[in-house]
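> Protein chains in written order, with my numbering: chain A, 1 to 240; chain B, 1 to 99; chain C, 1 to 548.
Read the hints as simulated data drawn from the structure, not as lab findings.
Everything hinted at is true.
Covered by chain B, according to a simulated footprint, are these stretches of chain A (three or more residues, beta-carbon under 8 Å):
| hint | region |
| --- | --- |
| 1 | 44–57 |
| 2 | 61–70 |
| 3 | 86–100 |
| 4 | 224–234 |
Predicted, not measured: the structure shown is a model, and the values here were computed from it.
For glycine and all other residues, C-beta sits at the position ideal for the given N, C-alpha and C.
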Amino acid sequence: MSDSPVTAGSVTTMEHEAHNPALLHHFSDAQQQKNAASLGMWLFLVTEIMFFGGMFCAYLVYRVAHFNSFAAASQQLSIGMGAFNTAVLIVSSVTVVLAVKAAEAGKRKLLVGYLVVTVLLGMTFLVVKGFEYREKFERHHVPGPTFKFTDTFDDNGKQIPVNPKEAELFFSLYFAMTGMHALHMIIGCGLFSVLAIFAWKGHYSPGYFTPIENAGLYWHLVDIIWIYLFPLLYLISRHS
Amino acid sequence: MSEHEEHTTHSQGFYLLIGAVLLVLTATTVGAAFVNLGPFNPVVALLIATVKATLVVLFFMHVKGASEKLTGAVVVAGFFFLAILLSLSLADYLTRSWR
Amino acid sequence: MASTAVTANQAPKLNYLNNGHSLKSWLLTTDHKRIAILYLISVTTFFFLGGFFAMLIRLELLTPQGDLMQADTYNKVFTMHGMIMVFFFLIPVVPAVLGNFLVPLMIGAKDLAFPRINLLSWYLYVVGGLLISHVMLTGGVDTGWTFYSPFSTEYTNTKIVEAGLAAFVAGFSSIFTGLNFIVTIHRMRAPGLTWNRLPLFIWANYATSIIMILGTPVVAITIILVAVERLFHLGIFDPRLGGDPLLFQHLFWFYSHPAVYIMILPSMGVISELITCFSRKRVFGYNFIALSSIAIAVIGFLVWAHHMFVAGISLYAAMIFSFLTFFVGVPSAVKVFNWTATLYKGSITYATPMLYAFGFMGLFTIGGLTGLFLATLGIDVHVTDTYFVVAHFHYVMVGGVLMGYLGGMHFWWPKISGRMYPEGWAKLSALLVFVGFNLTFFPQFILGYVGMPRRYWQYPPEFQVLNVLSTAGSSVLAMGYLLPMIYFLWSLKYGPIAEANPWHAAGLEWKTTSPPPTFNFDETPVVTWEAYNYDEIPDKELEAPVVR
Numbered sequence: 001m002s003d004s005p006v007t008a009g010s011v012t013t014m015e016h017e018a019h020n021p022a023l024l025h026h027f028s029d030a031q032q033q034k035n036a037a038s039l040g041m042w043l044f045l046v047t048e049i050m051f052f053g054g055m056f057c058a059y060l061v062y063r064v065a066h067f068n069s070f071a072a073a074s075q076q077l078s079i080g081m082g083a084f085n086t087a088v089l090i091v092s093s094v095t096v097v098l099a100v101k102a103a104e105a106g107k108r109k110l111l112v113g114y115l116v117v118t119v120l121l122g123m124t125f126l127v128v129k130g131f132e133y134r135e136k137f138e139r140h141h142v143p144g145p146t147f148k149f150t151d152t153f154d155d156n157g158k159q160i161p162v163n164p165k166e167a168e169l170f171f172s173l174y175f176a177m178t179g180m181h182a183l184h185m186i187i188g189c190g191l192f193s194v195l196a197i198f199a200w201k202g203h204y205s206p207g208y209f210t211p212i213e214n215a216g217l218y219w220h221l222v223d224i225i226w227i228y229l230f231p232l233l234y235l236i237s238r239h240s
Numbered sequence: 001m002s003e004h005e006e007h008t009t010h011s012q013g014f015y016l017l018i019g020a021v022l023l024v025l026t027a028t029t030v031g032a033a034f035v036n037l038g039p040f041n042p043v044v045a046l047l048i049a050t051v052k053a054t055l056v057v058l059f060f061m062h063v064k065g066a067s068e069k070l071t072g073a074v075v076v077a078g079f080f081f082l083a084i085l086l087s088l089s090l091a092d093y094l095t096r097s098w099r
Numbered sequence: 001m002a003s004t005a006v007t008a009n010q011a012p013k014l015n016y017l018n019n020g021h022s023l024k025s026w027l028l029t030t031d032h033k034r035i036a037i038l039y040l041i042s043v044t045t046f047f048f049l050g051g052f053f054a055m056l057i058r059l060e061l062l063t064p065q066g067d068l069m070q071a072d073t074y075n076k077v078f079t080m081h082g083m084i085m086v087f088f089f090l091i092p093v094v095p096a097v098l099g100n101f102l103v104p105l106m107i108g109a110k111d112l113a114f115p116r117i118n119l120l121s122w123y124l125y126v127v128g129g130l131l132i133s134h135v136m137l138t139g140g141v142d143t144g145w146t147f148y149s150p151f152s153t154e155y156t157n158t159k160i161v162e163a164g165l166a167a168f169v170a171g172f173s174s175i176f177t178g179l180n181f182i183v184t185i186h187r188m189r190a191p192g193l194t195w196n197r198l199p200l201f202i203w204a205n206y207a208t209s210i211i212m213i214l215g216t217p218v219v220a221i222t223i224i225l226v227a228v229e230r231l232f233h234l235g236i237f238d239p240r241l242g243g244d245p246l247l248f249q250h251l252f253w254f255y256s257h258p259a260v261y262i263m264i265l266p267s268m269g270v271i272s273e274l275i276t277c278f279s280r281k282r283v284f285g286y287n288f289i290a291l292s293s294i295a296i297a298v299i300g301f302l303v304w305a306h307h308m309f310v311a312g313i314s315l316y317a318a319m320i321f322s323f324l325t326f327f328v329g330v331p332s333a334v335k336v337f338n339w340t341a342t343l344y345k346g347s348i349t350y351a352t353p354m355l356y357a358f359g360f361m362g363l364f365t366i367g368g369l370t371g372l373f374l375a376t377l378g379i380d381v382h383v384t385d386t387y388f389v390v391a392h393f394h395y396v397m398v399g400g401v402l403m404g405y406l407g408g409m410h411f412w413w414p415k416i417s418g419r420m421y422p423e424g425w426a427k428l429s430a431l432l433v434f435v436g437f438n439l440t441f442f443p444q445f446i447l448g449y450v451g452m453p454r455r456y457w458q459y460p461p462e463f464q465v466l467n468v469l470s471t472a473g474s475s476v477l478a479m480g481y482l483l484p485m486i487y488f489l490w491s492l493k494y495g496p497i498a499e500a501n502p503w504h505a506a507g508l509e510w511k512t513t514s515p516p517p518t519f520n521f522d523e524t525p526v527v528t529w530e531a532y533n534y535d536e537i538p539d540k541e542l543e544a545p546v547v548r
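The whole structure should be built from the sequences, with the hints applied where relevant.
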């Protein structure tokens, strides 16, 4: 809590900033505005952690309570598609930091390029997710009246004591968690598409690219949530 | 104006390196899932996930090397209160007699 | 409060109130003071709506039989009372009205850090309010404001999804307000205004904002999970799938218990301002009061399951939560003791805001101490879900929050409106509120103790005397609440013109004109003093109005 209310050097930058159209009137200088936006974004990310935290809590509690059924249900997920999507998200996180770097260096075309690639990678993730969901529909793994769960053998052909109802609970959580994550991906793709258009029009300069940075932070957080969802849903129950 | 004091980004090569490490860790965790480690399968998977998340937070989100510690404090606070939610909920579920 | 140098003609012609008169200049404003006024109007509307439902409840309980309404209607009435009062009045009231108006003024800033997000917060509040009004007009909800599963997810056929959406949207309004406050307090303080010079109202709102940011998202996802369970048959809380309805209560109270501190903390901040100003003393134990706000915010997250002692949680968890609950009493007591110590040897003025502050201290102490009864496992088993609980949380949430809010409204009304309220009527209303409140809710402690359960529309005849007392008290209370609305409106036109600093108070907000100009200060103030230095600032500086 040692942040000083007046940033050093604000007086010298003041005149320079008078020309900056992005500087809002109630801030004393661009640095203060940038710091405020950054802190605001981080606080928003904390709300996202707590938002997903409620579902992680439910997952934890139910996995402890219904271990065998959760293991059996988890083994029905496709590790291949999950791992591919994890890789896609990691690469997209790299393109996002490179976009921020391009913005900082004032390379407009490079910035637009990285943003477009990021959006494409995000869409790739969503398409793969769509195929996964379709598979769930085909195999009646979608919770509701049509739900069926008959796969009660593990990878080694051993019978697992499974309660299909509890497997349905697993898939409820699977859809709630991945669905909420996918919704955040869709929002992120929309956000970066808009930013790509703005960047193309030259809204950002080395002195002002806060929206790119903050959208990047959001994207990394969505990535981190997936980094946890992937092992929890797909991986950790292969051997029980 | 702020190019010098604000220069928190790293070189392109560094980012690619971190990205590569993350991909290797992903491959590792997938591989580990197929090895029977008994009760340690979840531990290893979550450990690797935490390492990956930490790399993203520190280097992609630039918490390491940030000019102020406040950002770090905000992140820690977020995970701290999440830990409260999880641990105190489990304090109930792990000690219930009906299971 | 003799007025001295400042008169009307010294006030600037242009202030935030007359800077634009069109509807658009209000509805699209980004000025935190105008947004505070928008909140004031909408919050007051919902207060009287919630109060209307409260009167219906009290009227029904006047007689033992269900003669005004039947069980189904009664369930909907107390649900709407709870939902409106909690989500649309108590949670936003002090932060969104007084906080919005005062946080930038008190720290010497031109506005909140994100003025457009601030406006967005208000629109989200309005959207939530319209949704809940829609629910109210098209059949209501009958689960109680707590939405307990499995009744909410499986059985009731009332408008759960719509009501949940209303709470969800209002929740985001609250998240954005909290986010705005934290960033503003970190980034926008005037030069020299260090953390240990901040007014205690700012500390209180800072602590409140922490809870808003950390807690609200959890209830948001919980509401979504209830909604998807109803809409798409995802069975997260469904016992038939091995789900646990108690998990809903865990997630719900993880937010909704700290939400009580969202309500009470800002009022505590107001009380710190009032007590120091009207006893002309530096606050006793500044650091303790400031840090006790943060302590309440943090410890408040460790106690939620005390709402579930009889619901079937494990006995060991119950013991842990009971133990932790007692700890939250410590910082609350620290505040009350420090306020009392501030009064000691102070030169006390019995102005209306101070009367409310006294009322707060008394009622909050009763509410807080009965909370310790409820934290005790054995007693809680006896009085859970009785009127004892109802009385307890009304002493905290109404006795505490509303006393602080009304005290603050009287204290800062000259700053907000530029007019003084009529002191005589104000004293009368403070008296009515205090007497009416105790008459309404004290009998409920006894009712609960002798076993009257809450949420029933009829009761055995032996409970009638106390219920009649309670209903009588509620009509006195209603008069006490209506009166300020009437004379505040009256004062807008007929009240005496207020000086810049009518109370000779120390805060930065009094160093600008009444009402303040659009950008608050003509020159950014530089702070060189501690908060509440009533014995150190020379009278001259204290009374000097800031006029161009």
